[in-house]
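Trainee: Using the hints, position chains S, F and Y against chain R.
This is what each chain is made of:
4 protein chains.
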Amino acid sequence: MKCRPNMYKVKEIKLADQGLRQLEWAEMHMQTLMKIRERLSKEKPLAGIKISAVLHVTKETGVLVRTLHHAGAEVYLAGSNPLSTQDDVAAALASEGINVFAWKGENEKEYYENIETVAKVSPNIIMDDGGDLHALVHEKYYSTNIIGGTEETTTGVVRLKAMEEAGVLKYPVIAVNNAFTKYLFDNRFGTGQSAIDGILRATNIMIAGKIVVISGYGWVGRGIASRMRGMGARVIVTEVSPVRALEALMDGFEVMPIDKAAEIGDIFVTATGNINVIDMNNIIKMKDGAILANAGHFNVEIDVEGLKKESKQMRNIRPFTDEYLLPNGKRVYLLAEGRLVNLAAAEGHPSEVMDMSFANQALSVEYMIRNKDLKKAVYNVPEEIDNEVASLKLSVMGIKIDEMTKQQKEYSKQWKYGT
Amino acid sequence: MKCRPNMYKVKEIKLADQGLRQLEWAEMHMQTLMKIRERLSKEKPLAGIKISAVLHVTKETGVLVRTLHHAGAEVYLAGSNPLSTQDDVAAALASEGINVFAWKGENEKEYYENIETVAKVSPNIIMDDGGDLHALVHEKYYSTNIIGGTEETTTGVVRLKAMEEAGVLKYPVIAVNNAFTKYLFDNRFGTGQSAIDGILRATNIMIAGKIVVISGYGWVGRGIASRMRGMGARVIVTEVSPVRALEALMDGFEVMPIDKAAEIGDIFVTATGNINVIDMNNIIKMKDGAILANAGHFNVEIDVEGLKKESKQMRNIRPFTDEYLLPNGKRVYLLAEGRLVNLAAAEGHPSEVMDMSFANQALSVEYMIRNKDLKKAVYNVPEEIDNEVASLKLSVMGIKIDEMTKQQKEYSKQWKYGT
Amino acid sequence: MKCRPNMYKVKEIKLADQGLRQLEWAEMHMQTLMKIRERLSKEKPLAGIKISAVLHVTKETGVLVRTLHHAGAEVYLAGSNPLSTQDDVAAALASEGINVFAWKGENEKEYYENIETVAKVSPNIIMDDGGDLHALVHEKYYSTNIIGGTEETTTGVVRLKAMEEAGVLKYPVIAVNNAFTKYLFDNRFGTGQSAIDGILRATNIMIAGKIVVISGYGWVGRGIASRMRGMGARVIVTEVSPVRALEALMDGFEVMPIDKAAEIGDIFVTATGNINVIDMNNIIKMKDGAILANAGHFNVEIDVEGLKKESKQMRNIRPFTDEYLLPNGKRVYLLAEGRLVNLAAAEGHPSEVMDMSFANQALSVEYMIRNKDLKKAVYNVPEEIDNEVASLKLSVMGIKIDEMTKQQKEYSKQWKYGT
Amino acid sequence: MKCRPNMYKVKEIKLADQGLRQLEWAEMHMQTLMKIRERLSKEKPLAGIKISAVLHVTKETGVLVRTLHHAGAEVYLAGSNPLSTQDDVAAALASEGINVFAWKGENEKEYYENIETVAKVSPNIIMDDGGDLHALVHEKYYSTNIIGGTEETTTGVVRLKAMEEAGVLKYPVIAVNNAFTKYLFDNRFGTGQSAIDGILRATNIMIAGKIVVISGYGWVGRGIASRMRGMGARVIVTEVSPVRALEALMDGFEVMPIDKAAEIGDIFVTATGNINVIDMNNIIKMKDGAILANAGHFNVEIDVEGLKKESKQMRNIRPFTDEYLLPNGKRVYLLAEGRLVNLAAAEGHPSEVMDMSFANQALSVEYMIRNKDLKKAVYNVPEEIDNEVASLKLSVMGIKIDEMTKQQKEYSKQWKYGT
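In order, the protein sequence lines correspond to chains R, S, F and Y. Under numbering that gives the first Met the number 0, the letters of the first sequence match residues 0 to 418, in that order. Under numbering that gives the first Met the number 0, the letters of the second sequence match residues 0 to 418, in that order. Under numbering that gives the first Met the number 0, the letters of the third sequence match residues 0 to 418, in that order. Under numbering that gives the first Met the number 0, the letters of the fourth sequence match residues 0 to 418, in that order.
What the hints contain is simulated information worked out from the structure, not anything from laboratory work. Mixed in with the good hints there might be a few duds.
Remember, identical chains collapse to one label, so a pair may be satisfied in a single copy or spanning two.
[Stated by the list, open to error] As a list, the in silico BS3-like pairs of lysine-lysine whose alpha-carbon atoms are at most 25 Å apart:
no., residue 1, residue 2
1, K160, K412
2, K8, K286
3, K49, K374
4, K139, K49
Since we're looking at a predicted model, the values are computed, not measured.
One chain only, chain R, in its complex shape:
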């Protein structure tokens, strides 16, 4: 497979063995992507293609990167968050010929340097998670070699659509995030479970009987709300959209402004994609012992800067749990420095859900290579890819479903009176 020496910068290459077992474990639970890999390994549609990717360097990403590699691509990979890299996986990938530049606990400078490293290799495909790589390439490293890009997250898609509207988008992008088989599962069920996982690993607190405040009732927020209730919490939702607020209400949750929720919540989780959703005015009203976590892409949803500035004292209590002593004498606990709690304090989404998200990634890249006439626009994942991913997933899960009969197909198109 590996024909040329690769470059890498990882924490410790000796962790490769452990990482290989992690990859094996992930592959066992990503059979959809493995089926796709099987075909791509034969067809090699990505031969000669250079991919720059900024993704959370987890075992699941490893399985995607291996798949792209098997399909013929040369892959350069940096992390999309300073805290989300799994060092054993990074080592394993490096040992297999992937150009990896990532480790857990990068400082701000290192984080951006690594992104620059993969940005400037003159790639053909830009694969991003959050939109930072797309933005950087647009600002500094655009070249006509670029065929197109993909984007994994809601946050990134919002940014790219803003670029498209502003008329500055320089290449076609497939919004992998917008595939049904991505956002209906990954954003909701993936984050729903892994955010709880991260909070438990960081704090080991009891969820039953607690008041949990979820800011944002998008797909991520509703996933967390549903799982938190499933663990016995009383859940309060805060929203800016009246329609989503109503939906939360009908789902049986309480809805109120964050300012009021701040006074009664035990645990706060942000999932809005926006900034300062929980600000110092809110924090100051919280109960002694309140816990703050973020499940959105960027670490701006909680006003971490304000917290640092105004607190009388800060100390680490447990891994990923920092205590801030407020001027009013109360203590709040910030998890994972306000970064994605599921990736920083736990291992991110489970393999089974990334299986679908990354199946969309792999097929979207293949689609882009095979359809070079796309415009400088943000595209949804083609419906046939979405359906292929869903059908493959059902099949590897051993689930059979019905098919429309001929009569039913016809019926679904008729509209005459009295029929």
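Mentor: Just chains S, F and Y now, with coordinates in the frame of chain R:
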């Protein structure tokens, strides 16, 4: 309100008093529509407008019709299902000057005659639930007086889109069904509750411990699945869409083909909008005592004709519960003759959810009157109407939500690197 | 079967045919009791035994009474609530030789007269639901013919234990209520479903999005709380027991005093077995439109008398829904006059759950006849009866379970170190 | 607090600082026990009392041990499972004068040696978790100094009751496990959450969409079943008790024999307290990739020995996840060597729930010291202690509840007719 004599054909006009109390009860729980009525009563935007409506003649529809009447319209109303009319409400409306042609238990001939009656009054607005009136008007009663129409259901919208695609649609239609504040609530939470209500009134059986098979995991199907589980059932979903099947799986439901589900289910509920979803091949495999109900718009989802033809004997056991003795000696129980179980065996959607659906109806009609340049196409409800309905609903429920700060509005539009 | 003319007092004997179909429907869903009937019909252990029973005269009770009749007993039956009798079932039983004295809508005087009628026939077995018959027999009709009695409800058992403690109990009583296969299912799942059913039939309101206040977190209360949440409500629990309050909290419900809950609730359901749980001080604080229902045995949990006295006006809005206009101008809606909402406004517990409760009744009566040396005490249902009922129920549901191996049986008894 | 030198054997005393922060974190979430500590610190009822304790050496146990220490006792502590000790907490306790003999990863010999060490100090109080210490003391170290003991688990209580019935119990034991405020919360909600936590940390698999088989529907089993459903799993229960099996069914779960469940499950969790609940006959039928975990006290529920003997190969994949290659070529994954998955792979029960369990422990020891006339029997926790714990817990959670009025207290005792 109105001094011109009205025409009507109802079961018994003496029921008007009882119907008036029902309308009062409904209005108490439809405060969104009542706020809209307040404004329309003053502005009278529908003065001189003739509306032909085919809707389920329930107390909630009564509140809508009264609202249109207060807004100045002359309304002609027929039922959209032979079993769904509430006779006291029909009488009350008739007593107030509405032209009502509907009673519970119309036979096939009467049902279509009533629709014809309202179709041929040369209306300006066509308001429909299921698409029968639109189809009839297109075939026999089209006139240039028609400004446009609205459509309440998924089924009707599917038919109208087929007409639009076939190039035969003769006037603009607003798909009220497609408003977020309609389908996210009415189809899911409304039917979810009322279908269970109908099944309980018809059978009084225990749901906990039963195996309930839901065919179709659209908004209606998922509403019923969620409520059935909430009552303690083990829920199996059958689907033709791989994406929806996966969603049902991740929601914790079992998924299998109807043919296999037929062998183990205790209660079957169809919600697909399609035909022969449960056919005789399925029914013959069912357990002795299986119960069959339909929650879709038309009575074609279960093969009622086949059941009648092939059964050795049929008899009524309880109101809306008929026993069919199959050739194999087993008995199955069909509810409400395979018609909408929530409307036939119970009272349809609760007022609170029709409050939103009919707020969209009222505002869509107003919009159509005020915007006469619409094309011969199927339109979604304008976003501002959707948001207005949601905001009004929250306000009448006493719920406050957050608003984006200026910083947040700006942040949601930025995309630059490193921000 | 019927060998001697029977006496009865029912609404209309012509309803017998309809009642027979209801009994047939119930029997189809009460296969546990039917299996027991099969054996008792052969063995006739109750030959020559006279049973006086005060029970809710529903189709399920009909199946029990038929079973006792088949077992050889002569049965006298009165209703245990003025609103809970199903007139068609009463007629059917009368037509089959049961001595029935019950109709829906008895006034207070008639209600007590009917109980007296069955009390004074000099019975051998006293079968009661609520304890009124036991109390009456003790006060006025005790005779040495009495072998013993059974009691169906928590309320009745509490009263009988008070009698036992006071040393005034005159015959042995088996507390059928205390069988696991009774209270774990009937009180919780039966009332949980049927209370919602009753509230929906009475009001047709939307439950999703509503704030439902449940007073009492015993088996009945937790059943209702769980089902209300299953329908999308936000549930608040009020309690006097700290342990139960904690359990409600950990189950994810809110807990607060009734006085505070009164201000925010939309629907109130009492299930405490106690008096004035919701009093006028609470009612006066409620929101306009609040709905009050009771799921406890007696109509004393809500202060109905106070409501009648202090309201400016009362009128009936819908069947089982009365509007009270409070002095402060707000309206509250009392369901079923504060009587058991599931029995008055709906049909009581579903057959499937009464199947187990009444299997315990039938086997307890048989046990009492076969074991005449019982003391004047309140007995629990013998464990072997409880297990027999559970095993029979599983078997008629087609469910198989594991059995302990020999090794496991031994292991469960060992205690030595290091084993 | 204490000036006499203490003995200890821990992994690394340098971890004390980290352990102290963990204890601080736990104390923040164990306010019930802290309130009790406050009083005991003043009253010193345990002055001069020597306590031998075999408990899981977690941060929560640390808070209990500190409390006993503050109450005047001299405490000797060993671990109750070779994998459950938190080394930092052990170090912290040692640094504070507690005699600790425990570290994570003890081998069998070390494990029993440590228990012997604390058994032979001639204690006054025996505090145990699982019954090993009680059994050992009975066999080798009984002395008349022993005032009595306490027992934390269902497993231990079963053993002690067997001893009591066999007439060999040598001192009174309070079954802390049987307090409502213990088993209703700790066994159900504590294990429910922490078992999922352990499985996620060990495997990071997706729970939604998986088939999870729970063996045993006692308090632990139902806790896990409920939380697994809350995370989106399809849950199957296996049982030997017909009553519990029925309860699981009515709770909406599937019930079947383990032999059949073995064929379809993805994840298996045992919680029965018995032996070989999952044996090789079951394992051999499992799907490739099946995951096996135990949540019961002893590592005998899954046939680990059989697995080791019959597998062709075993290797470690991730921490606490071992792969066994079966003779048939399929792989199964055993978590935490079949030991308590919540304590071995995660941190055991959250502090908030141990708060109540250990409040019962502390008050039970105090009770035993203050009531020296107890018999050689297994006692339940006195009701007043149970209520005190519940009331304290509600109060530290800021929850207020109702109190019975005088009228209600009287009503609950009356039984006369017509009242």
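Trainee: Please go over all the hints and tell whether each is borne out by the structure.
Mentor: Checked hints:
no.: 1; hint: K160 x K412; result: between (34 Å within a copy, 9 Å between copies)
no.: 2; hint: K8 x K286; result: neither (43 Å within a copy, 39 Å between copies)
no.: 3; hint: K49 x K374; result: within (20 Å within a copy, 48 Å between copies)
no.: 4; hint: K139 x K49; result: within (18 Å within a copy, 63 Å between copies)
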